[in-house]
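These are the residues of each chain, in order.
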Amino acid sequence: MKTRKILFGTAYYPEYMSCDRMDEDIRMMKAAGMNTVRIAESTWSTLEPRENVFDFTYIDEVLEKTQEAGINVIVGTPTYAVPPWLVRKDPEIMVETKKGRARYGHRQLFDLLNPTFRCRAENVIRHLVSYTAGYAHVIGFQIDNETKHYGNTGKYMQEAFRRYLREKFVTTERLNEAFGLAYWSNSIADWDDFPDIRGCVNGGLMAEFEKFRRTVAADYLAWQARIVSEYKRDDQFITHNLDFQWKKFGADIAQDGYSYGVQPDLNHYEAAKCLTIAGTDIYHPTQDELTGAETAFCGDIIRSLKDDNYLVLECQAQAFKYWTPYPGQLRLHAYSHLASGAQGIMYWNWHSIHSGYETYWKGLLSHDLGTNPTYEEACRIGQEWKKLGTALCKMKKNNRVVLVVDNHSLSALEWFPIDKDLTYNDVVRWMYDSLYEMNIECDVVDINALEPDRYDMIITPALYCITEEMLKKLDTFVKSGGVLVSSFKSFVADEYVRVYPDTQPHLLQECFGMSCNQYTEPGRTKLTGRQVRYIAELLNPDKNAGTERLAMYEHKYWGAYAGITRHEYGRGCAYYIGCYTDKDVLKEVYKKAAADAKISVPLFSWPVIMRSGVISSKAEGADRTLHYILHYSEEEREAPCPFTAARDILNGREYRSGDNIRLRDWDVLILEEL
Amino acid sequence: MKTRKILFGTAYYPEYMSCDRMDEDIRMMKAAGMNTVRIAESTWSTLEPRENVFDFTYIDEVLEKTQEAGINVIVGTPTYAVPPWLVRKDPEIMVETKKGRARYGHRQLFDLLNPTFRCRAENVIRHLVSYTAGYAHVIGFQIDNETKHYGNTGKYMQEAFRRYLREKFVTTERLNEAFGLAYWSNSIADWDDFPDIRGCVNGGLMAEFEKFRRTVAADYLAWQARIVSEYKRDDQFITHNLDFQWKKFGADIAQDGYSYGVQPDLNHYEAAKCLTIAGTDIYHPTQDELTGAETAFCGDIIRSLKDDNYLVLECQAQAFKYWTPYPGQLRLHAYSHLASGAQGIMYWNWHSIHSGYETYWKGLLSHDLGTNPTYEEACRIGQEWKKLGTALCKMKKNNRVVLVVDNHSLSALEWFPIDKDLTYNDVVRWMYDSLYEMNIECDVVDINALEPDRYDMIITPALYCITEEMLKKLDTFVKSGGVLVSSFKSFVADEYVRVYPDTQPHLLQECFGMSCNQYTEPGRTKLTGRQVRYIAELLNPDKNAGTERLAMYEHKYWGAYAGITRHEYGRGCAYYIGCYTDKDVLKEVYKKAAADAKISVPLFSWPVIMRSGVISSKAEGADRTLHYILHYSEEEREAPCPFTAARDILNGREYRSGDNIRLRDWDVLILEEL
Amino acid sequence: MKTRKILFGTAYYPEYMSCDRMDEDIRMMKAAGMNTVRIAESTWSTLEPRENVFDFTYIDEVLEKTQEAGINVIVGTPTYAVPPWLVRKDPEIMVETKKGRARYGHRQLFDLLNPTFRCRAENVIRHLVSYTAGYAHVIGFQIDNETKHYGNTGKYMQEAFRRYLREKFVTTERLNEAFGLAYWSNSIADWDDFPDIRGCVNGGLMAEFEKFRRTVAADYLAWQARIVSEYKRDDQFITHNLDFQWKKFGADIAQDGYSYGVQPDLNHYEAAKCLTIAGTDIYHPTQDELTGAETAFCGDIIRSLKDDNYLVLECQAQAFKYWTPYPGQLRLHAYSHLASGAQGIMYWNWHSIHSGYETYWKGLLSHDLGTNPTYEEACRIGQEWKKLGTALCKMKKNNRVVLVVDNHSLSALEWFPIDKDLTYNDVVRWMYDSLYEMNIECDVVDINALEPDRYDMIITPALYCITEEMLKKLDTFVKSGGVLVSSFKSFVADEYVRVYPDTQPHLLQECFGMSCNQYTEPGRTKLTGRQVRYIAELLNPDKNAGTERLAMYEHKYWGAYAGITRHEYGRGCAYYIGCYTDKDVLKEVYKKAAADAKISVPLFSWPVIMRSGVISSKAEGADRTLHYILHYSEEEREAPCPFTAARDILNGREYRSGDNIRLRDWDVLILEEL
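These protein sequence lines map, in sequence, to chains A, B and C.
For the first sequence, full-length UniProt numbering assigns the number 1 to the initial residue and increments by one for each residue that follows.
For the second sequence, full-length UniProt numbering assigns the number 1 to the initial residue and increments by one for each residue that follows.
For the third sequence, full-length UniProt numbering assigns the number 1 to the initial residue and increments by one for each residue that follows.
Rather than coming from a laboratory, the hints here were simulated on the basis of the structure.
A couple of the hints might just be wrong.
Said to hold, decoys possible - Distance condition first, Cα-Cα at most 25 angstroms in a straight line; then the derived SDA-like pairs of lysine to any residue:
{"id": "1", "chain 1": "C", "residue 1": "K89", "chain 2": "A", "residue 2": "K30"}
{"id": "2", "chain 1": "A", "residue 1": "K420", "chain 2": "C", "residue 2": "K248"}
{"id": "3", "chain 1": "C", "residue 1": "K472", "chain 2": "B", "residue 2": "G370"}
So here's chain A without its partners, still in its complex pose:
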């Protein structure tokens, strides 16, 4: 993206409205200072009501009216919701999962590998993209939407998986060996004996299948990107709306939930390769539960994909009843996204919809389509961003800490759960959120993309599966002066989810100065007075290596073992946290680790959040350092100015070291260092 403007806009579906009010919509968007709309994804049956019969009336009208209004357009390929005629043409388009063939109705339930689907999808994409690419105000394309593998266990998927295994392992002996198939008599001597994967209970093979399916989904996106690339101009971007593991709450039939963790059904790093700019949607609790953690976590993941700014293609307006924003919260949301490095935000969506499944996923406008407090707050945001112009755009970060994520470990731990109430993503969020609350910023990077040299501190939450190659890199990282902080269940198994058959942590006992071959449900075990939960690995610090026992378990029998260790190794230092406990305990470890890594930690912490970056400014001849101060609380409070001198670019007020910054409820400041 070449623009130095912040994108501010909304998803827009006039197709879904029963009344024609496009002029009024555009007027209200302009009044809100919006400069972009995203259209067309999910409207296949409107665009192509019968096979190869196209009706682009809505496209025409939106393009024309936005052009007049000076509003840019992102065109989405409409493939993520297939039209009824396509399913009638080939019922096998519906994805087959462990539960059987999906029935038509819901979105995102087709077989990515079905040839009929691919053929008709290609056709509609070519028509739509060629039709729209010529418009100057079409600034980019979104391919598909929230793509995942949809639990596909269909024949195409299973055949492709068998081909993949055969190419990878060549002989059945190697396959048997890799996954331990002799167990319960699952080994094969003939590739044709490979059974229907749907009954498989081998966690390693199933994790491999998950990994393979993630690749299939990423390949599908790359295929769409190639088609779009045949038509798009150089200045038009290709993006995708990457989403996260959804945490459900509320009624089963409703969609209540929020962006919680690493996506299990698509590898973001793999998928992002075909994009020119990363895009995402981020939803999060609001009202009393608004913490900013999801906005930061998801933003850090998406920014790290290309180490660049990204688009928030969907963010919440009013959404569910739980999230009707308090006054000030919508504005706080918006600045929180920018603070993570977003290049702009688009609401989902403009109008609340009057029919269909998402009737109560409310947009900026309520069902009455008039003004309302949320829309009015959006207007305030729009006006501020118009005024601030390019001052906030393209903020870059240069984080010294990285938190490593891995959806292969996620899959493995679904088969070998740490506890019924503790998932992989719970551990990730426990370690991430503790950093976030301390105002230690980090990148969040897929293990496959990790370059240890770029960082001073590496954090591994439950990095269960890891290759020996990467283990050696981590060893070298610490030896060379890095600080490694690892949680329980890290470094346990290899890439086939085979537990390493020697002393744990595999290859890193010397690094951590510790080994472990027992673990337990904590029961009444405590650590520094706090209840240990879910797991306690019984750590044996190496007495000869001078390993520091940061905390011993408090328990009649487990008291003989350490729960947290610290070991200086080479020029660096390695921490191992053998159990799950309060975030406060973890934060104490982080404090020490940050000191080891010479990373300074602000004096204030959540609910006062600081997120920083640098804007390189050729015009002004110098980089500008910005610090977003985000206040996630309804209480007023003060925080000390952490800088020699800074100016809040939102209202021009200046602060010096020693000044107290007064924060109203749900407040936002953007301090520029002077």
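On the provided structure of chain A, position chains B and C as indicated by the hints.
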């Protein structure tokens, strides 16, 4: 029904007994003062053990012995449980639902539209009805039993639904428009593209499908009624055993549960059209949980269907372990039914059954088939009713309050739940039970049967879907002096479950003097000091209209909005209750509303319940006004006599204004005004 | 088994290891004092990688190395996990259940009656047994593993069941009568009308089906035993690994759970007939939840099968995270098994497995395959057992109390649950555990194997179904001086689960001096001040029979009824406990009953457990009486020596009457009476 006797009897299935004890049964029934038995429904395989081979031995014997004993008989068509030979003949008789084809075994699991079923059902009905109609003591027929649509998604049902849609909408464009099918690409351009309904996630279309299926079930009953009418005498009635939404508790495999709310799978109003007298079964918690609310609520619904007396074709004897009645409770049950307008009660059932699914749905007799405390209490009831003769029969009500129910709104709110823990029926019961506990009697009427002019006060619990025609009637009702009390989620959507795209409450902002375009999960919000739960609509009273804010929310941000409003409009008054909270708050509103409607409310309230009516008595030349005083408590208490003078017709005791009426545990009085 | 050694060993699967470390394994086993391994069950795909192509490499190697090391071998037939080629050959091998055809992957999911399976199973059994039977150190064979019917509703099972019914009942009339099929129109007039059993909701017929399926599973084991018998030497035993109803906890996908109650899917008594020695696996909570109850209960069941010593073919090492043993617990487990009459124990398993479903069902060795505290404790056990030589072997019991179990009643009560939170096995465990905690030892015997004359006291927990023949035996038992203690829901129904249609308890009112025809959910009911839960049968003691009311209900209305009765009848005495309440109340009843039966009860109770037996010792010329003192607590305590004089054969210490025995945490003593 011409009789002026109260029916008192039981369901009777000698077919289910392994021993022949019909003489003893009849003797014990007579000893209990019983005058009626209901037979034969569910005994198809006994009546017709092989196709077209009939064996009416049990019918013969029961008819003969009841005739001798002077006991009347209601004959049930046996269709609600199909015989094995019929399923062998055509396996497609078993209903197909979202979960697949039902398997044979349970009752009420056949496809109402299957032609083989219809053909064989017609045959057995014709045989049985023609065989029995001639007996003088056969007083009527029950068609089928607790009929519903059984979740039918079979081919006949789907084809019929498509035909119905096509006839209704003619073009696919209108269909798309009505339900917003463009959403997620569900629109069709060709009727043949209409997909299998089983995958549909469009709440509006699915609510339409539910409505259609309710009509199919009602049509099936009408079809049976037509067949029976070919044989029955004029003095023989046709009834049906209408049941309610069942509230499950206890073990999954057991049938523990009770009659809770509006029936989702049959529209009572539609179904009752073919009946000459309404019939029902009502089950309810007992022991410490006995409140009388279900007896009143279900009775009010059934009485309102034909604005006439009705039969309780099944009521509980000992039933489940939870319901073994305390001394006095069985008698209290019996009088409670009469107090709602029942023309009689029949126990389900006579003997506890020794095998099969309902072994522990215990009858009047325990498995030992001897006497027991429950049977003995039935004897007391029977003796009292013999003595009271016709004095209690055909009591009519002339209620001034109506509570409006709508199973279309029920369906819609299953797709768009207010909260995972608050169903449509929860709101209905919240509003009904509050009236009941205050001793404000009401009719409970289907929205399609509502005649506003008949009432002074209309109550709408979550009347989510409503036509503009009815909205105008409600507006007129208030303007003309009526009192309207509406809860949250009323007047939101049209008959296709499309949210009205303008200011809410649609067409009634002027009437309520209020509008609303935001709502929220209440969180910590309170109202008059009570916790608000599930939903808080943020009401904007119209300042210029003089709307009264009966209660403002208590909350830092939502405190700007009203939670309950009152507005004088024309000659009437409209109340809007925007949130769910304690019944006490609702009762305060009712108290004001009743005053507005000039309805007087007794000084006492639950557990002392008063239910009243009038018996027109040509013989005595004057109407008699009866007030049942029903005491739902194990504590003794006193209540002031609310009448100038009255006599308890059960024991002849007289009370004057100012007297205290002494109530024993689970006591019953029937005061006749003097 | 001829040996006078205690078997001490482990399951051993070198097939599952990715590295060859058999020499090291054998070395470590020897160091632990092990003398036996169990091999080969579940390794079919390794033994026969293609149909009829055998590869016995692992067998050869294990047999050779164990022979050298002087370790005995139990060879398991490998049939309980079928190889992929077999499912490819005939997909119908996978069991069909109510949920459809099982998918390949998990063990124990095949159709026991499938002819292809039987043919290939026979082939591999013949190959393996003939191959190994000649080795001197192969001491016996285990047939299959944890065999059950696997919920089989496939065509072979259903056809066999129909044949069985037809042979049993001859006419459909008798079938209809036995199960009350007229109910809900389920009766048939033609055997061909018998419907698919999968939809059946007749609890009696379904319990019959369960019983039939248990017989099919037992017949399958007998078939394997016959094949093995063709090859085995006389000194080689045939055993089977009988398991128990599993109580699940923890994560759904994990196998966390433990041996809880009577097995629903196999009748142990029936299955054990073909075995020469009974075998079992017993798993139980550990750490703070270790009580010893499961070890005692399951051991008492298995010992009672053949009234003989038995093998614990699997017992837990480290197992799940919940069960990592505290120091001393593994040793306590081991002696607990011997105290119940086990002839030896084998750990499941030797190595923790590095791949596959049971990766975290940890063995003696952790995944690092080195030493660890659990292995080290096993070494201590092994050394002690080596030293004690034959002194502990073949201990016999001669219990005077029997607790009667019945998996037909279990099935019936699944259809007619006492309460959603109280299963048949909960009642069994309530009654067993109370005995156990009081140190009253008992046999636990299947109703079909009960010989009342052998005992002085019979206990029947929820013996719901019972034949009249057995009822008469119980009557005679009491008359002749026996003590009968029966719980609620005993003696209710006949062998077809028909409730007896006369006064309950059927045929035993005279014996108990009590009758009952009402029962209730207890609500607030108490008994001797304790809350009654789940059920209260309202007992009517016979006033003329002098029946003692041991406890009346405490309740406004139910206070008129007794909850527990005692009745002297003939020379004996019968107790009836009509409700579920605290174990303390039950123990008071047991105390009286034991006094009636002249059984003395020790002064100490759980957590100090005493389990006793006699070792007949021809050599020494006299029997030796041993008392295991097992201390299930982490607290130290003292217990009085209950014997005139005794010596702890573990450490030689002697105690006299009046001495206090000092017990350390998780302590074990074996007192030999002097």
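For each hint, the structure was consulted:
Note on K89 (chain C) and K30 (chain A): the hinted pairing is violated, with a Cα-Cα distance of about 68 angstroms set against a maximum of 25 angstroms. Only pairs whose Cα atoms come within 25 angstroms are accepted, and K420 (chain A) paired with K248 (chain C) is accepted, the gap being roughly 12 angstroms. The suggested pairing of K472 (chain C) with G370 (chain B) holds, with an alpha-carbon distance near 23 angstroms, which does not exceed 25 angstroms.
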